[in-house]
Amino acid sequence: MATLLAPPAGAPESGAALARRPLRSGRDLTLVAIVTTVSLVLFVIVGLPLIRIFAVAFAPEGWEIVTSMLTNPVNRRVLVNTVQLGVIVALIGTAIGFVLAYTQVRVRFRGKRVLHLLALVPIVTPPFALATATISLFGRNGIITNGLLGIQGDVYGLKGLTLVLVISFFPVAYMNFKGMLESLDPSLDEAAANLGASKLRTFLTVTLPMLVPGIAGSVLLLFVESISDLGNPLVLGGDYTVLASRAYIAITGEYSVPAGAAYSLVLLVPALSVFLVQRYWVGKKNVVTVTGKPSGTIDLITAPSLRIPALVISGLVAATVVLLYLTVFVGGFVRILGVNNEFTLRNYQFVLAGIGSDAMFTTTTLALVATPIAGLLGMVIAWLVVRKLKRFAGLMDFVGMLGLAVPGTVIGIGYAIAFNTPWIAGGRQWFPAVAGGSAMLGGAAAIVMVFVARSLPSGQRSGIAALGQISPAIDEASTSLGASSATTFRKVTLPLIRPALLAGLTYAFARSMTTLSPIIFITTPQTKIMTSQILAEVDAGRFGNAFAYCAILIVIVLGVIGLLNLALLHPSLRGIQRRPS
Amino acid sequence: MSEVTIATAEPGALSLRALTKVYAPGTPAAVDGIDLEIHPGEFVTLLGPSGCGKTTTLRMIAGFEEPTSGELRLDGDLINKVAPNHRPMAMVFQSYALFPHLSVFDNVAYGLKLRKLPAPQIREQVEAALASMNLTPYAARAPHQLSGGQQQRVALARALVMRPKVLLFDEPLSNLDAKLRVQMRGEIRRLQRQLGITTVFVTHDQDEAMTMSDRIVVMNVGAIEQVDTPELVYRRPASVFVADFIGRANFLDVEVGQVGADDARITVLGREWSVPRHPDADGHGPATLLVRPESVRLASVDEQEDGGGVGRVVASMFYGESIEYEIETESGPLVVMVADPHDAQTFAPGDRVSVGFEASRAWLLPAATPVAG
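In order, the protein sequence lines correspond to chains Z and D. Those letters in the first sequence? Residues 29 to 609, per the working numbering, in order. Those letters in the second sequence? Residues 1311 to 1683, per the working numbering, in order.
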């Protein structure tokens, strides 16, 4: 290597200029600005609604209802129902998720891809799709109960809710276990076998103990999801009232804000505490690293004693999913499914060209506005938490996750309380009313805020996981070369966590399009949202319209997700930019 | 080989005064009030065992850690609070920290683009930097398509193209295999000499420190033990710690007799010697004698020299270019290295040998202060 070291003849001035660049004092102001902005946004979209709920619930009128939860038999029943439903769904859903994941990863059979896809389908389900399909199939005039079996089915209440919620939420457990089982190092099995353990003993003493945190985590997560659900209890609950539907009735039927806030508080306590246990206790016990590369191949199970039950259960679950979705699909094309099976396009006409098209466009537009905000916000929070904040990283992480941990019903009621009126202090309006019909933009702003609050946590989680894999030295290298924090985030961090961003965006859009429980409290006549329109159609008994809505919702979600994948992961955008030499 | 040019800025002078870093209140300081002057164009190595504070010191110079107290000056200006991206320094990282989503060219151009230089000027400077590192054919490659040594050179080019006043290295060679490490040592040193950039290099590898540096800063538990040229650090270590950390050392308990201006008479191995001494080894406290393995002289007992002690060979190891012996003596065990040994100088375990040393190569030190408690 020969190097000659005269300054270049061409550009001595620029070299000298750079060398004499004044040393600007002071910290990285962009970072201060980013932290302030993010904290403020989080406070407004998550903190404020919760604070207002607390304020109303702890006021005398609200507190009276809170204390009556255990003394008043009706309210006690509601509380018991909620916990009962949560526990049953959590246990069955986790078991089914585990069986499907185990079958997928460890059992030899044909059609793994099909089973995988069917196990994931419920994730993009609009609310009511499954409940409505269940009523059509198993209700009083159900196709299967009445039509095939000739019995008066009673699907309302705990039975129907269990079926629908299990099908809705088992994919979460499935994904969880699939990841864990795939990353279990087969050499551990081999080591156990080498030390003389039988297959069963290996499973009981090695595999199962390693999965215990995963099982616990899944049970807790499903518990929170099912006690938070509002749509299904409204349609399928019958006399079986749970806290979420009780709070809804309080607000929309009894016009009692204190009661709504009180029921919200009671719902919030188990939801939040289970979430905390799941996050900070079970999460830390996890010994299975999902990023680990398996060092060996797994022996797929061929023994019939294990294979047949596993395949039968998986097959039944898959068949139920197929049946329910087929019902949604067919239901949209007939007048009244099971009663008048005449083919019609009226339902789709209603949604695509009639009154429904308004809701369709509004919902999609608002979701498209919220998606990039939520995705980016999630990534920024992840970056701040992992890289930049020291003392307050845990706090920001926690507040960001609240949008997911707090039941949608609670968030919705909190928004209604916090944002229906402008915020006036000292005779000056600081913040306009953003929710409700009289608010700016017809309440659309509040809906976008809810979408963002609800969907940013998943991006935040995947962002944090992705950043954990990237050496901090990469950030420091960028800083050392003169980049500010914001520039480093934009030019280095974001491109490197692109897959996490994509996951965040995908989830944000799907979640925004299908979320119901918070929306229902802040939707307005000017700003119609598809999920709450579906509820109206179901309530009015126009199942055909509801089915058409659901089908179109699914198509929109899948279509946008597909486009996102194409846009963000296309090779021409992903590859190294080559330059002509 | 092509002749290429890299433009350079005026080399900077760094001044560390009572620089201290305490990570959490109540914990011991990671860096405890160090003073150090680094002159323009100098190659200074911070050397020490892990946890000695060398990396923290480097990160304070770079701006990634803010000093708890003390002063950090660049060319006289106080820079304690200057954000790292505003310091005219460039750092080469242990892991190289190349941006995996950018090509080699874009990695090197990254900092210039941030300075908003015109595109043709960026290209010219990046190409010059790549050429001087023999990286021109790899400009369009992604970092992961390069070998470790090539990645190292990209990291170096990326730092040099910024024309930093100070170049910082954080254990940059520790991920390379032994042969490449020796080669990169030479390349970095040659480049640094030619460019005249002030350089601060952190390592725990004494060979790197010895071969590359103008001066070595030996650190231990957050404090500086010694700042000197490699030769002085080796020959005239300031403490038992430095003597032990740099190179291999025998320490002999000695009786100190008459003390001169810069030497002392001592008794060891059965006779009296006159050896150079550390200023603090003035006969008032316990002293220990440093004798490097290569300074020990062995001979067969029957051709006994006057006054040498007699020892017994415990073990011998053959390295090819040298033989190493472990000798048991009345003054304690000794490690001896005999370079390029003749047949007459080879001994077997159990042999009795006479033991002496080059008195002018020995060094009398104050004994290590025992740890309190």
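Simulated from the structure, these hints should not be mistaken for lab results. One thing to keep in mind: the hints can contain errors.
Unchecked claim - With a straight-line Cα cutoff of 30 Å, these simulated BS3-like cross-link-like pairs (lysine-lysine) come out:
hint : chain 1 : residue 1 : chain 2 : residue 2
1    : D       : Lys1426   : Z       : Lys416
2    : Z       : Lys418    : D       : Lys1391
3    : Z       : Lys519    : Z       : Lys418
4    : D       : Lys1423   : D       : Lys1391
5    : Z       : Lys519    : D       : Lys1489
6    : Z       : Lys227    : Z       : Lys140
7    : Z       : Lys519    : D       : Lys1391
8    : Z       : Lys206    : Z       : Lys227
9    : Z       : Lys519    : D       : Lys1423
10   : Z       : Lys206    : Z       : Lys187
Going through the hints against the structure:
no.: 1; hint: D:Lys1426 / Z:Lys416; verdict: holds (26 Å)
no.: 2; hint: Z:Lys418 / D:Lys1391; verdict: holds (18 Å)
no.: 3; hint: Z:Lys519 / Z:Lys418; verdict: holds (23 Å)
no.: 4; hint: D:Lys1423 / D:Lys1391; verdict: holds (25 Å)
no.: 5; hint: Z:Lys519 / D:Lys1489; verdict: violated (35 Å)
no.: 6; hint: Z:Lys227 / Z:Lys140; verdict: holds (24 Å)
no.: 7; hint: Z:Lys519 / D:Lys1391; verdict: holds (25 Å)
no.: 8; hint: Z:Lys206 / Z:Lys227; verdict: holds (20 Å)
no.: 9; hint: Z:Lys519 / D:Lys1423; verdict: holds (11 Å)
no.: 10; hint: Z:Lys206 / Z:Lys187; verdict: holds (28 Å)
Taken one by one, the earlier hints fail for this structure only at number 5.
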